[in-house]
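Novice: So the chains spell out like this:
Number of protein chains: 2
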Amino acid sequence: MVNQTFGDIDKLSVNTIRCLSADMVQKANSGHPGAPMGCAPMSHVLFTRHFKANPKNSNWLSRDRFVLSNGHASALQYSVYHLLGYDISLQDLKDFRQYKSKTPGHPEVGMTDGIEVTTGPLGQGISNAVGLAIAEAHLAKTFNRGDYKVFDNYTYAIVGDGCLEEGINYEAASLAGHYRLGKLIVLYDANGIQIDGSVEITFTENVLKRFEAQGWHVQEVADGNNDLEAISKAIEAAKAETNRPSIIKINTTIGFGSQKQGTEKVHGAPLGNDDVAFSKKSLGFNPEESFVVPPEVKKFYDAVCQEGVEAEKNYNKMYEKYAAEYPELAAEIERRKQNKLKEGWEDKLPRFTSKDAAVATRKLSQGVLNIVCNELPEIVGGSADLSGSNLTQWKGSVDFQADETGRGTYSGRFFHFGVREHVMAAIMNGISAYRFGFIPFGSTFLNFIAYASGAVRLSALSKHQVIYIMTHDSIGVGEDGPTHQPVEIIPNLRAYPNLYVMRPADGNEVSGCYLKALKSRSTPTVLCLTRQNIPQLEGSSIENTLKGGYVLSDPATTPKVILVGTGSEVSLCVEAAKLLNDEGIAARVVSLPCWEVFDEQPEEYRESVFPKNVPVLSVEAASTFGWSKYATASCGIDNFGVSAPAAQVFKHFGLVPDVIAEKAKKLL
Amino acid sequence: MVNQTFGDIDKLSVNTIRCLSADMVQKANSGHPGAPMGCAPMSHVLFTRHFKANPKNSNWLSRDRFVLSNGHASALQYSVYHLLGYDISLQDLKDFRQYKSKTPGHPEVGMTDGIEVTTGPLGQGISNAVGLAIAEAHLAKTFNRGDYKVFDNYTYAIVGDGCLEEGINYEAASLAGHYRLGKLIVLYDANGIQIDGSVEITFTENVLKRFEAQGWHVQEVADGNNDLEAISKAIEAAKAETNRPSIIKINTTIGFGSQKQGTEKVHGAPLGNDDVAFSKKSLGFNPEESFVVPPEVKKFYDAVCQEGVEAEKNYNKMYEKYAAEYPELAAEIERRKQNKLKEGWEDKLPRFTSKDAAVATRKLSQGVLNIVCNELPEIVGGSADLSGSNLTQWKGSVDFQADETGRGTYSGRFFHFGVREHVMAAIMNGISAYRFGFIPFGSTFLNFIAYASGAVRLSALSKHQVIYIMTHDSIGVGEDGPTHQPVEIIPNLRAYPNLYVMRPADGNEVSGCYLKALKSRSTPTVLCLTRQNIPQLEGSSIENTLKGGYVLSDPATTPKVILVGTGSEVSLCVEAAKLLNDEGIAARVVSLPCWEVFDEQPEEYRESVFPKNVPVLSVEAASTFGWSKYATASCGIDNFGVSAPAAQVFKHFGLVPDVIAEKAKKLL
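Going down the list, the sequences are from chains A and B.
Going by UniProt numbering, the letters in the first sequence line up with residues 1 to 668, in that order.
Going by UniProt numbering, the letters in the second sequence line up with residues 1 to 668, in that order.
Same shape as in the complex, but just chain A:
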């Protein structure tokens, strides 16, 4: 490891990062110089003295994970990663925030070498970090044997005051403390400034005391601008703390070195040419030059990089021995690294006939989980305190808990997330971001996915294969009333790019939806499942479901009207179609469990399902918003629900066969 004492080269390196960051923002004429200039010291100390990584192979499994939770400080991450030798050139730094550059405004996974998670929306990063740390704890317990520490990494995050004000961060901290994630280390950039001014105007809680109350190990560094040794010692102490996550409050000056340092003015706008020049002078750099990396800094960082290269070599030697000794475990590791699913599990998915009993789709989902969770150990998941209602605790599941509590084990795969929907979603994203083939799921009532919207968006944007198992998906919840009856939620979700919204109508569709969700390695899925029993349908199949939508039943003659439904309303369509056909009105029934998958089908197929000039009536126990895409008219709920037994609520909203049939007739 590089010399643990600190000297001139460190000061020079820190100021290099500060100047690079200021230059990037100035050249882009857009961005955030303040946090990078303030966080340069902690970043330099972390990445040169503590962080285990091989910048030449950012996929090394055993690398430490880093999350820049205050993602607006992206110039910091890019400039440090450039110095470290990741695939980010000086030109990339100059192209900061430009069209198609490798250095977008906020860190985006997939865009830039070494970036683990997409950050920017505050509070998400620290929550993803909890997911990353859970993943490590789980894999270490599952795969390590004796002295073979195949999985053995720390998860670091830098967070700002903004992150620590967001509700999600408290949920994350509460759960991380509960899980005793000793290898999670948070560096808190305490600069006392937020966009509106001093934190004193709104954020006066005792942050460290709060974290301590949540079960964390807490430390403070008085002078985070200059005292590199203190930062390093605090990180060392945090690493030594094995059964509590750590937070180090590092007092810094935002925009350190600039004329406007210590004020909100340096947060989100370029310093201006004058202040960039001023900053360079005050930091010992030539104000006439830009994007300068002094050769001794380059040399220093090259040595750090080389250490990383060597570290991976040593790891690989160790791993070879491990693989020889534990070939089955190694084979499993290879499978999961390559995102390959085991073979044969698909054949075990349950199939049904219309003679089978009516069952709630949440219950049918449980049947599938009992199979796939036992077949595919990369599935991990849990519930936001609704395990018995969501029915997601599969047969034989073991709770993920710190082993010393006696309540479970880190090799367990079921999470009691608590009533914390938002961080549940962000932890799913974080586990997925570990990049080891994980398929995380979370569950709650569909209505409460609203609490998690901020993280659902990042599931889709970051292409995480996560599955939201959302039960109690309509007014079918009955007596709990409008606060628990989703109405707008389903169209809400359909508006997201890269998100499959699935609402299966029976057992075959549940199996088909899981099959599609588990095979979609870069698209998250929301499964909307009923509380109430619904019948098994004639005409459904796993294969049909994989098309997103299909003709469930056709009349003897050319259809004059089409009834299209999803989930629990498909059986209503079947009954309404019977009424129509009995009256001599030829009615087709279409089941459309997933719009997005249906829209991926060839146009010809889609037109075979919805032929032009045949009127279409949609039936869904939700807001009709969006249905005009397929339907001429809609039966739905364009108001909030009501509290009453479910059958009465369906009747109240006209979601009964005779009303549907009458409405269909009006389309003729």
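In short, the hints are calculated from the structure, not lab data.
Accuracy of the hints is not assured; some may be wrong.
All copies of an identical chain are treated as equivalent in the list; a pair is satisfied when it fits inside any one copy or across any two copies.
What the hints assert, rightly or not - With a straight-line cut-off of 27 Å between C-alpha atoms, the simulated BS3-like cross-links for lysine-lysine are: (1) Lys560 <-> Lys663; (2) Lys629 <-> Lys665; (3) Lys100 <-> Lys651; (4) Lys578 <-> Lys612; (5) Lys629 <-> Lys560.
The structure displayed is predicted, hence computed values, not measured ones.
Since the structure of chain A is provided, determine the placement of chain B on it from the hints.
Specialist: The following block gives chain B in isolation, referenced to the frame of chain A:
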């Protein structure tokens, strides 16, 4: 005040509440008996010994406010309110959770006498309570004079473990502590049980230490099942604490008295007839009888009610003197009580011509706020740490802050909410729920309304007139990239019932949107505003805007194609239409600032805007989801955004006049 010592009548009363609650759930065969049976003692003590209210006039301005944050315990609230003499009969208790009853599954404002806020979604209630306490502090400082305490009430909330796990509760606690809301008192029903089992499986933080870190006064009652005196003394001490909010951890047994007490089994399902009988026996009641209120309990509660009647009489006498001495203040109070807006303000709204300069709609919004906030003191609002970007801090605004901090005053009306979008929204709802004509607003970037979705839903469901001023409403944010560029958000919002989603296209439309929002006393509004400058349009007007949508410009001949846009894309439509008209293709331009208002217009008008058989191309820098309602084809963004200067991003997505014109031609 009723005798402060506790005796047999109190025990009997507590057990009456327990048995009534168990009966209600059992008869409904649905609901939550556990929390009511555990919380009966604290409720009884609160409402008989401390709570200021006149059950015969639940609108009394000076009443204490009560929020049942664990709304699933609704049977508790209904049974206690029945005893207190609110307009809830024994029959209403028997009709619990039935169709059209006064006693829905979760408390719903407007459905039941005395219910202040709709609760059920966890964490919302305690956050609303912070809003209620802010409202009181603000009004007391604004209207009280000398010994005349016209506004003088406590805000109480009962919360469970679930509420205290949700992220929003921490945001609420942090801000309440910061604001030193001494008249906010939270009773924490600490029963150690949540739905998945013991709280030990997921919630092991030190709750009181956490609240203390957040600036709260904390107390604990060891035996909340029996020690009524300790509960009462703790409430007394909390009332005496004037500059910190208080939380009292009251240790209780969920389902107290039942066979299954102390387990999660009593949380969310009826006890069953056997256990109801067992409970009654153990609580000293006849297991053969149901819905029993012993006459001595009735008498006791009647006396409490009578005290409330007298208290209001005394208040009214005081108020009469106040009104005589301060007629102008009294007139203002009357105006606001009656939800009347002052006259004449509308005439001051700015109007523009197409010769005026291009301005960002967020800036135009600032111009309107500078007028209306100075005209209408019932407008209060703030920003989630983006004041300078949202431009919502109006001219002459004063910060709401505890006076002793020297940073503002309780009579101030601007809130630095911090980076806490979710509780910002819930506080807006809480302020509105004070029912004194408040029009609260909150502001952040449109993208981050996703963090507040759980509370936005309740704004709409509870018919709160609140205004979400959401700036940076599209890819127009440019370099910040996809994490900050809303795409799915606008259609998301349009799917809500009872929510106006407005996206004004220029200055006249901004004025019109505010006019509509400020006059809509039972509908919340989301204003989507640009970061970037956009031109003033020929043909726009306040009056047109009030229709939700209108023909902005027409060609000389009958239109062959219609371009419809919202916000910043309307001017793109105008340019594209020019290109088309220059080529001899008659193109109309429609501006559609608010779909929901447009849909309220007569069919004839709507058809005059969109005549049948004329193809329509929609243009909006957002997901095209939902546009099929009006449009034949759409220009939009069905993917996430990109980080680059705004003009390049618009070009990337084809949102430029020539591409739009080409697409329009294909519709002919």
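Novice: Now tell me, hint by hint, if it's right for this structure.
Specialist: Hints and how they fare:
no., hint, verdict
1, Lys560 <-> Lys663, "within (14 Å within a copy, 32 Å between copies)"
2, Lys629 <-> Lys665, "both (20 Å within a copy, 21 Å between copies)"
3, Lys100 <-> Lys651, "between (53 Å within a copy, 13 Å between copies)"
4, Lys578 <-> Lys612, "within (23 Å within a copy, 33 Å between copies)"
5, Lys629 <-> Lys560, "both (19 Å within a copy, 22 Å between copies)"
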